[in-house]
Structures are given as structure tokens and as C-alpha cells.
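The chain contents come next:
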Amino acid sequence: GQQVMQIPQYQHVQEGEDFTTYCNSSTTLSNIQWYKQRPGGHPVFLIQLVKSGEVKKQKRLTFQFGEAKKNSSLHITATQTTDVGTYFCAAPWGGYQKVTFGTGTKLQVIP
Amino acid sequence: DAGVIQSPRHEVTEMGQEVTLRCKPISGHDYLFWYRQTMMRGLELLIYFNNNVPIDDSGMPEDRFSAKMPNASFSTLKIQPSEPRDSAVYFCASSWLSGRGNEQFFGPGTRLTVL
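First to last, the protein sequences are chains L and X. Position one of the first sequence corresponds to residue 662 (the working numbering), numbered consecutively onward. Position one of the second sequence corresponds to residue 4 (the working numbering), numbered consecutively onward.
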């Protein structure tokens, strides 16, 4: 089945530093989603990217979809303690509504 | 809307016992997903339904696991008999096809511990 790899697995940053997580697929994707899961919580949808080279921003978060639609990144500018959690990318396979989740990047922000 | 509702939130049981997890999707959503999350294996899709019909159960680990969706507002995931390796957080999620795409809405999860 579809495999989506994320790096890094863990990231510790000082509050105010930037953070980036990367998602890579061996196959071309029709779209990619990003979710955030707070500690002890459930995944919450952040955004979906569809177009090649697409860039979307949500306040301090910037999402990019690669030109070849095989990779994506999430960049957080000036991290805050509220950014703590695990960030997952998710890619569709085997059906439009079915997705496979990446391994996730766990972000810890040190105040 | 109350969002996706799952019950119980926590379940502790002994090996060999039957466990039933319940989910109420968001009204109007026609897709329902069951996931399992563990440290070792991450977030795994177990099964998903479209309009109450199981579409793909290839992620169900073995015959001890079964899932049903008798109507649009209710689904169950049953484990019989349960084993310690089934300990995990089980999430239910729902979605619908829309112009925005296929965003999935997750429930709060059921933390299952099998002793």
C-alpha cells in the first residue's frame, strides 16, 4: 500500500525558533492533508493541498506541496508552546476518501 | 454539532474478554473510519464504511476484530477475545465528499487496556 515517510520523527525547539517537518512519497499524490494531534488528543485536520507547487498559509504555518506532488512540508515560524503536538501528513490511496497517515513528527517547544 | 462521539473513553479489561467500542459520526457524513494508534505502529486504518457498507477491511488485524454499521448514525468495533497486544487508542472518524476535499473529523478516541 501507499507509504508516506515523515522526517524528523522528533524535534525539540526553543520557543521562538522555527520548525519544519517533511513528508515524502514514492508515488505521485493527488493531494496531501496535514493534521495536528495534541498530547492526549485526537488528530485535527489543518489543511489539504491539491495543486503542484501549491503554498498555503495559516497564520504562522506555511504548507507546501512539491512540484512533482511527491513531497510536502509544514513550516512553523516562531514556535509557541501552543504548537506542541504531533504533526501528520496523510495521503490518499485505494479510494478517494481513504488516506494513509505518515509516521508523524512530534514537536516539543521549550519555553 | 457535537462532533464525532465515541464511547467509552477508557476501557480496561482482562485478556479473553469481549470489548465493544462505539461511534456516532457527524450527521450527514457518509464515510466512517476506524483507526488504531500505538507507539510502535502509528495510526493505522482498520476499516472504513461508505453509506453504512464496509468498503475496505484489509486493515483489520485478524478474525478477532469485527465492525458493523447498522445505520448512518452508529458503528461498533468489537474485539473477541481481546489480547494484551490489542491495547491501543482506537479512533473513529467521519467525512463526506465536499468541494473542500475529504477532511476527516476524528472522535476523542477510546483508550483500551487489555490486562
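Because the hints were derived from the structure by calculation, they are not lab data. Possibly wrong hints are sitting among the right ones.
As the list claims (entries may be wrong) - Below are the DSS-like pairs computed for lysine-lysine, each with C-alpha atoms no more than 30 Å apart in a straight line:
no.: 1; chain 1: X; residue 1: K71; chain 2: L; residue 2: K697
no.: 2; chain 1: X; residue 1: K27; chain 2: L; residue 2: K767
no.: 3; chain 1: L; residue 1: K717; chain 2: L; residue 2: K767
Hints and how they fare:
With a C-alpha separation of about 28 Å, the suggested pair K71(X) and K697(L) falls inside the 30 Å cut-off, and the hint holds. Annotation: proposed proximity of K27(X) to K767(L) holds, straight-line Cα distance about 29 Å (limit 30 Å). This hinted pair checks out: K717(L) and K767(L) have alpha carbons roughly 22 Å apart, not beyond 30 Å.
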